[in-house]
Amino acid sequence: MPSIDVREISKKFGNLQAVDKVSFTVEPGEIFGLLGPNGAGKTTSLRIILDIFKPDSGTISVLDGPMSEEKKNLIGYLPEERGLYQEMQLDRCLIYLATLKGLTESEARSRVNDYLVRFDLLDARKKKVKELSKGMQQKAQLITTLVHEPQIVIIDEPFSALDPVNTQMVKDILLEWRAKGTAIVMCTHQMHNAEELCDRLALINRGRVVLYGALHEIQHQFARDAIVVESSQDLPDGLPGVTSVQKHNGSKLLTLAKGVKTEDILRTLLERNIPLEKFEIAMPTLDEIFIQVVKESGGEE
Amino acid sequence: MKKFLLVFAYEYKRHVLRKRFIFAILSMPLMVGFVIGLSYLTVRLNENPSPIGYVDPYHIIDNPQQVPPSPTSTSPAVRVINYDTENAAKDALAAGDIQAYYVLSQNYMNSGEATMVSGPNAGNNASTDFGDFLRYNLVSGLPQVDATRLINGNNLIVRSLDGAREMNANNWISIVLPLLSGVLFFIAVNITGGYLLQAVVEEKENRTMEILVTSISPTQLMAGKITGDLMVGLTELVVWIMFAIVGLSIAPKFLPIDQTINIDPGYMVLLLVTFLPAFIAVAGFMGAIGSMVTEMREAQQLAGLFTLPLVVPYWFVTSIMFNPNGPVALGMSMFPFTAPIALPMRAIFTTLPFWQVAISISLLWALAIFSLWFAGRVFRLGMLQYGKRLSLRDAFNRG
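If you're matching them up, the sequences are chains V and A in order. Take any residue in the first sequence, count from 1 to its spot, add 18: that is its number in my numbering. Take any residue in the second sequence, count from 1 to its spot, add 115: that is its number in my numbering.
It is possible that part of the hints are untrue.
Once the Cα atoms are required to be at most 27 Å apart in a straight line, the calculated DSSO-like pairs of lysine-lysine come out as [unchecked claim]: (1) Lys276/V / Lys265/V; (2) Lys205/A / Lys145/V; (3) Lys117/A / Lys72/V; (4) Lys148/V / Lys205/A; (5) Lys189/V / Lys152/V; (6) Lys30/V / Lys313/V; (7) Lys296/V / Lys313/V; (8) Lys205/A / Lys146/V.
Calculated from the structure, these hints are not laboratory results.
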């Protein structure tokens with residue numbers, strides 16, 4: 019049973035069709051990427067799932083049924099626009115927001131304390147939120163998202179404005195929560211991060227889903243007839259079945275003629291005693307797929 | 116319900132536990148106390164406790180007696196000394212034994228004519244105290260009841276035809292207090308509304324709103340905020356009323372207030388049923404404005420549209436006072452934005468027909484309910500519009 023089942027949702031703001039018949043499911047224990055250029059309709063889709071906006075049409079099932087006040091306690095949300103009470107003491111702010119997620123005050127206090135220790139924020143707990151650095155505030159926001167042990171985590175642009183250390187920390191946490199069986203929806207336009215973390219994804223452009231499926235399947239679907247070869251010596255010219263050789267991140271990208279199999283090229287290279295350090299099918303990056311699909315579906319807004 | 120209480124408690128505590136709130140709540144009674152104290156001091160500084168002399172060459176007053184001290188008087192009665200001749204009085208004035216002296220004319224009983232001769236330090240109290248002395252001695256031969264009645268003077272009582280209400284010319288505090296309660300209400304509404312406005316705009320500005328609405332329903336959130344801030348306003352009102360009660364109970368010890376403060380309980384009920392929906396309505400509109408706009412300054416400008424009409428009845432106070440059943444008074448007491456002040460104000464000066472009260476209060480409640488509905492709707496539509504103000508048209512048209 020999927021944790022989130024979105025079917026044909028549409029939403030219009032004035033004349034703008036923000037979301038147009040979007041459908042996807044998110045399973046427990048997976049990181050689902052909701053990708054797309056700026057203004058594609060990702061955040062609106064998330065807000066519809068979270069019942070902040072009502073869809074004009076379509077249905078949403080969250081944890082086997084429509085969204086309810088009780089289910090809000092089972093969802094952790096990290097919005098793109100981060101926000102905490104700036105004038106409040108950090109621990110009081112986190113405890114208040116945790117109690118709004120259904121924890122008792124003593125539970126909230128104890129769990130917030132554990133997270134403050136884990137995120138190295140314990141010394142800052144009595145400081146006002148506005149006195150914390152941006153990175154510390156990001157970590158505090160993440161505590162708010164996770165402290166009530168949600169079954170669904172929805173995070174919108176989790177890596178924006180994070181330094182590499184904190185980016186890695188967020189990645190580790192997401193992987194840890196995926197391992198626990200939590201359904202994670204990650205909304206981002208940073209394709210390399212999505213490629214690293216997502217199991218499945220939906221690419222939205224102009225409010226429509228233009229690509230949907232498991233990451234490796236999508237990559238295979240977009241794989242060109244090409245291989246990446248790395249060798250300590252130059253490749254000979256005029257290899258049979260190869261139409262062009264290009265430099266590719268320190269390796270060589272060999273484009274194959276129609277009908278030529280990769281095994282044929284491998285055999286040829288071995289027969290010619292060319293030392294191989296790397297030989298792999300050239301998979302397109304998510305960035306490349308993204309650009310190609312967005313261009314094909316009519317560009318950005 | 117539990118989350119509503121959490122928001123309510125959070126809103127209430129975040130204001131009440133701040134130093135700024137304690138300062139605000141104390142500053143009003145302290146300011147009033149300061150003004151009253153200053154006035155009292157000014158009066159007392161212009162009084163002179165030295166004796167007053169008088170010359171009565173035509174023996175108008177037989178067997179003069181000092182006026183016994185009044186239980187309501189704050190300053191001791193000034194002693195009045197009789198001099199046989201004007202020269203003797205003049206000498207006493209020159210020697211500083213007395214602050215002034217009076218010479219009663221032969222025709223005093225018909226004309227009330229007396230000549231006052233005062234030194235440089237004569238107090239403002241000299242004429243009053245000597246007047247009291249004359250009145251006391253002139254009626255001393257009469258039966259006690261008549262004497263007291265004559266000294267107290269006239270007291271005009273206006274009574275309604277059905278006898279349900281009356282107004283006493285000497286009991287001016289009973290008229291002033293309701294007027295003051297309107298002012299207090301206006302201040303409390305402004306402060307409460309300001310808090311609510313600030314709370315919503317801040318949560319929009321600091322982006323906490325999105326976290327909140329994924330934890331609690333917008334209705335519960337708004338209801339918690341409005342009730343929390345209402346309680347802050349009521350706390351202020353209660354504290355001020357307590358200060359007023361304490362002040363009025365100790366004031367007669369220091370101020371010349373010789374009247375019982377008599378407020379009609381029915382009037383208090385009218386105040387309550389008028390102020391409560393008005394409070395809710397203003398709070399609702401403040402919440403809506405907070406949700407519509409993007410920054411505090413803009414919010415404050417819009418807020419004036421809802422709070423300024425409340426004070427309009429004070430601009431027309433003379434018209435309402437002299438013609439409480441006229442079209443201006445009637446119209447203002449029916450129009451929900453002016454009714455909270457106009458209706459109780461009319462009730463001071465006239466007996467309101469039940470149907471007028473019923474319509475006015477019903478309209479106020481309707482406005483209160485509309486404002487909550489409107490606040491909820493605008494809140495839902497406007498809360499996540501960070502850079503752009505929600506237009507009224509959108510508020511009504513968008514789903």
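Evaluated hints:
1. Lys276/V / Lys265/V: holds, 21 Å
2. Lys205/A / Lys145/V: violated, 78 Å
3. Lys117/A / Lys72/V: Holds, at roughly 25 Å.
4. Lys148/V / Lys205/A: violated, 78 Å
5. Lys189/V / Lys152/V: holds, 18 Å
6. Lys30/V / Lys313/V: holds, 23 Å
7. Lys296/V / Lys313/V: The hint is violated at about 31 Å.
8. Lys205/A / Lys146/V: violated, 76 Å
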